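Chains as they are written, first to last, in the working numbering: chain A, 1 to 315; chain B, 316 to 642; chain C, 643 to 966.
Honestly, the hints are just simulated from the structure, not real lab data. All values derive from a computational prediction rather than experimental measurement. There may be inaccurate statements among the hints.
[To be verified] What the simulated footprint calls covered on chain A by chain C, stretch by stretch (three residues with Cβ under 8 Å from a Cβ of chain C suffice, anywhere in the stretch; the number is not a length):
hint, stretch
1, 135–147
2, 251–261
[Said to hold, decoys possible] With a straight-line Cα cutoff of 20 Å, these simulated SDA-like cross-link-like pairs (lysine to any residue) come out:
hint, chain 1, residue 1, chain 2, residue 2
3, B, Lys-541, B, Glu-582
4, C, Lys-865, B, Arg-450
5, C, Lys-865, B, Ala-399
6, C, Lys-884, B, Arg-569
7, A, Lys-141, C, Val-656
8, C, Lys-880, B, Asn-467
We put the beta carbon where it would ideally sit given N, CA and C, even for glycine.
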Amino acid sequence: MATIPVGAASIPRVSRVARRSYRIVAEIPSIPLLILSILAFVAVFAPVLAPHPKFTPVKPTPEQCQARFGMASCPYVDNVPPFWARGGTFDTPLGTDFLGRDVLSRLMYGARISLVVALTGTLFAGAIGTLLGVVAGYMGKWWDQIIMRITDAWLTLPSLVFAILLSSVRGPGLWNVVLILALVFWSRYSRAVRGEVLALRERDFVKLAEINGIGKVKIIRRHLIPNVMNTVMVLFSLQVGVAVIIEASLSFLGVGVPPPEPSWGLMMAQERDSLMEGKWWLAVFPGICVTMLVLCANMLGDWLRVRLDPQLRNR
Amino acid sequence: MPPLLRVTDLKTYYFGFRGTRVVKAVDGVSFTLEAGETFGLVGESGCGKTTTCHSLVRLLPPGARIVGGGIELEGEQLLDKSPAQMREIRGRRIATILQDPMASLDPLFSIGDQVAEPAYYHQALRGGKLRQRVRDLLAAVRIPSPEARMRNFPHQLSGGMRQRIVGAIAQAGGPRIIIADEPTTNLDVTIQLQYLSLLRDLQRASGVALVFVTHNLGIVAKMCDKVAVMYAGKIVEMQSVRGLFYDPRHPYTRALLESIPKLGTKEPLYAIPGQPPDLSALPTGCSFHPRCASAMDRCRSDEPPEQRAESGAVARCWLADHEVARG
Amino acid sequence: MGRYVLVRALYSLVTLWLLVTIIFAMVRLTGDPVLMKAEAGADAVYLAELRRQWGLDKALHWQYASFIGNLLQGNFGHSFEKSLPVRDIYFERLPNSLKLGFAAFLISIVLGVPLGMLSALKVNTRWDNVGKMIALVGLSMPGFFVGMVLIIVFGIELGWLPVLGKGSSALVWSNPATWVPFWFKDWPYLIMPAFALGWYFSGAMLRITRSGMLDVLGSDYIKLVRLKGVPERMVVAKHALKNSMIPVLTFAGLNLLIMVNVAVVIEVIFNWPGVGQLLYDGLSNRDFPMVQGVVLMSGLMIVMLNFTIDVLYGYVDPRIRLSR
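Starting from the given sequences, assemble the full structure and let the hints guide the process.
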């Protein structure tokens with residue numbers, strides 16, 4: 001189990017400052033952060049960055065029309081492959097879809113949808129869940145019982161299935177999806193936050209505030225909420241990925257963000273039939289985008305979790 | 316005749332944060348152990364007693380390494396052994412008893428199963444012979460109705476019983492040395508005495524040597540022949556038990572003895588001023604000097620080596636040097 | 643053990659009741675059950691008739707009472723489109739979903755648990771980092787994407803595996819002769835969907851096994867087992883493994899939940915006639931009772947499943963098994 005190294009020479013001498021900064025810098029997940037920033041940038045500036053509009057088909061060149069339809073001109077050329085395949089051009093580097101729209105541009109606009117929906121949906125879920133969790137944990141007694149029983153039952157419902165149900169009565173639409181996300185996921189927060197609050201409640205600074213007669217609401221606002229923020233932030237970053245996948249799934253099934261908006265999930269659904277005909281790029285690129293986004297969010301969330309929980313640090 | 320166990324200048328360090336932080340948990344510990352002897356290892360929490368014990372069987376947590384010194388078991392150098400050879404030594408020649416009996420036993424396996432394990436692997440006993448051995452072991456540690464207890468699970472037994480079972484496990488391989496790391500700390504006071512006398516009897520019956528780690532000097536007085544006091548990873552004093560209690564040679568030992576509450580007097584409780592040092596940032600010179608009432612200038616700058624008196628007593632102190640010189 | 647089972651059963655019942663109430667409340671509070679038909683362009687008269695038929699014009703508590711009443715009688719709704727009770731259609735399709743689910747579960751265990759153990763045993767080394775990365779990627783790829791990639795690679799490009807459907811075998815409840823062979827026939831159809839479904843969970847299983855293992859490996863009793871000189875492989879195989887199974891089992895329940903989710907999309911992509919596809923059919927056919935009925939049944943299944951897992955867990959852990 002143990003070995004004997006050469007002796008004192010094997011013991012490194014590093015300054016304390018260098019030690020600390022090395023620790024912090026080496027651990028920041030720089031690549032996911034970079035990718036996420038790029039995605040966010042693209043999402044915000046999509047109208048400027050995208051080479052083509054998101055709804056109208058790309059104007060084809062006469063050569064393309066000739067090659068595809070044998071005519072001099074045509075309104076659009078559908079299913080153009082990516083630029084590295086035969087028949088592809090640099091004008092539409094990732095190809096066009098079944099209506100002749102540029103895939104790359106639609107992907108860029110799609111980033112907006114995924115990010116907006118996932119972030120706001122998770123934000124609302126977090127707000128509701130945190131509030132209920134704090135109330136349950138701090139107020140105790142039957143507040144706790146009721147809220148927690150409901151939370152447990154809520155957690156038993158599979159999220160996508162529940163989301164589909166809600167969607168069927170609300171109809172498709174971006175803000176409907178946000179609402180649904182909030183309604184489906186708040187329970188994850190309330191359980192975690194309640195646990196935190198139960199522990200916090202016994203801490204000295206809370207007891208001191210109580211002894212000094214500070215009202216419960218104020219205690220919640222000034223002491224409890226800031227201290228659960230760590231947990232909430234970690235949960236938030238981990239939940240964003242889930243939200244992206246749920247939104248993509250809903251759009252895929254047709255009950256999420258409706259056409260012609262280029263939600264990545266929707267793009268994958270529209271091309272499902274084309275898959276059989278070998279036009280793989282239409283479904284694969286949006287899928288890669290979703291995976292990238294979720295992967296980076298998850299990596300960030302993981303890093304946050306390890307960073308904020310000292311017990312896990314050396315695992 | 317070489318001693319049963321000879322530890323020479325053992326050094327075990329912990330390396331953390333990718334090698335940038337070094338904790339000198341054990342920093343030059345030397346002692347010998349004879350057959351049948353009870354050796355006490357005393358000190359505050361964090362002084363290196365447990366790391367020393369783990370180092371003896373070379374079962375260290377990740378991040379810890381033995382960086383120097385030697386451990387000889389009956390003349391064989393343990394630090395040269397392969398992992399497979401060490402595994403054979405553990406349980407069979409050196410056994411260990413841990414502090415928390417509940418945490419020491421696997422909750423999912425029966426008592427009989429767990430006591431049988433060392434005998435199964437080291438003595439290759441099987442079937443009826445194995446069961447008999449388990450029964451004998453349990454009887455030796457005074458567990459009533461061993462046959463029934465063998466089928467029980469750890470959570471069904473009391474703390475005292477569990478610790479006795481851990482003792483039975485220790486005996487199962489037929490070891491020459493048993494290392495007991497604070498075995499009574501987690502037990503009720505009334506059970507502690509029972510357990511200690513049990514250990515004493517077991518020792519007399521099997522002639523096993525005992526390394527007894529504790530922070531309780533009272534237990535040391537009862538159980539041990541020889542005792543070493545550890546501080547900040549080093550042995551600062553080592554003597555026979557009588558010698559330690561009647562003629563302590565290190566200020567730290569004196570302070571420890573001083574801080575034992577005495578019945579019948581109204582003197583205020585004495586506590587050693589200051590805190591144990593951070594093992595990754597030890598003070599210069601003698602590690603104890605910031606808290607020592609008799610610290611001299613030399614103590615601040617030079618680390619005292621082990622001073623050996625004629626009686627065999629060892630003290631790591633410049634004062635002892637003076638005393639030796641004085642005669 | 644008896645008391646434990648009773649408590650869990652009671653708890654399950656309460657959860658079930660809350661579950662159906664939540665479904666009831668959310669449907670009626672956030673939207674309109676006739677919406678789907680309205681979107682399809684039905685006229686106002688038809689919609690009014692529909693509302694009347696479904697009791698939506700009555701007072702809320704009356705609706706709730708009849709809702710619960712129906713459920714207690716086992717009436718989970720009547721499919722609009724197929725003119726059959728939802729419950730019957732559900733049970734007819736259930737074996738298909740179960741077959742897919744079991745296969746996916748097995749795949750996730752076979753892939754995830756050994757890798758998780760490897761990661762834990764070689765913690766913080768390159769193997770561990772590879773393991774953690776695999777888990778992360780697995781958890782990040784949406785199931786339907788994996789399914790599509792599989793279809794493209796194995797179904798179309800290589801042509802090795804059939805893409806759609808489940809083959810001709812079926813489990814017919816009324817015909818016991820079909821009960822056993824069903825699980826084993828037509829397995830080429832099963833491979834891709836099961837893999838696509840199980841992929842996500844391999845990641846989760848890997849993580850949970852890894853973290854459970856690490857906890858166990860750091861515990862005192864494992865330390866003592868090592869101090870006894872037990873060979874390392876027995877330390878892992880006998881002690882560490884069994885103790886790690888407890889958190890894994892606990893997590894398995896949660897996993898199954900997510901699996902039901904992902905299964906919906908997988909079933910749609912692979913045209914696998916399970917209950918997930920039933921949900922989708924309900925959506926496409928604008929058959930609200932079907933949608934609601936399937937959700938209710940799924941909820942019921944999950945509560946029962948969790949209860950079963952609780953009981954299993956109680957059996958494995960002797961601390962519970964041997965108590966009152």
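Hints, verified against the model:
1. Residues of the stretch 135–147 of chain A lying with their CB closer than 8 Å to a CB of chain C number 0, which falls below the three-residue condition for coverage.
2. Interface restraint, the stretch 251–261 of chain A with chain C: holds (4 residues with C-beta to C-beta distance below 8 Å; minimum three).
3. For a cut-off of 20 Å, the pair hint linking Lys-541(B) to Glu-582(B) is broken: about 30 Å separates their Cα positions.
4. Note on Lys-865(C) and Arg-450(B): the hinted pairing is violated, with a Cα-Cα distance of about 24 Å set against a maximum of 20 Å.
5. For the hint pairing Lys-865(C) with Ala-399(B), the CA-to-CA distance comes to about 17 Å; that is within 20 Å, so the pair holds.
6. Among the hinted pairs, Lys-884(C) with Arg-569(B) is inconsistent with the structure: their alpha-carbon atoms are about 49 Å apart, more than 20 Å.
7. Using a Cα cut-off of 20 Å, the hinted pair Lys-141(A) and Val-656(C) holds, with the two alpha carbons roughly 18 Å apart.
8. Distance check on the hinted pair: Lys-880(C) and Asn-467(B) sit about 18 Å apart at the alpha-carbon level, within 20 Å; holds.
In the structure shown, a violation is registered for the earlier hints numbered 1, 3, 4 and 6, in ascending order.
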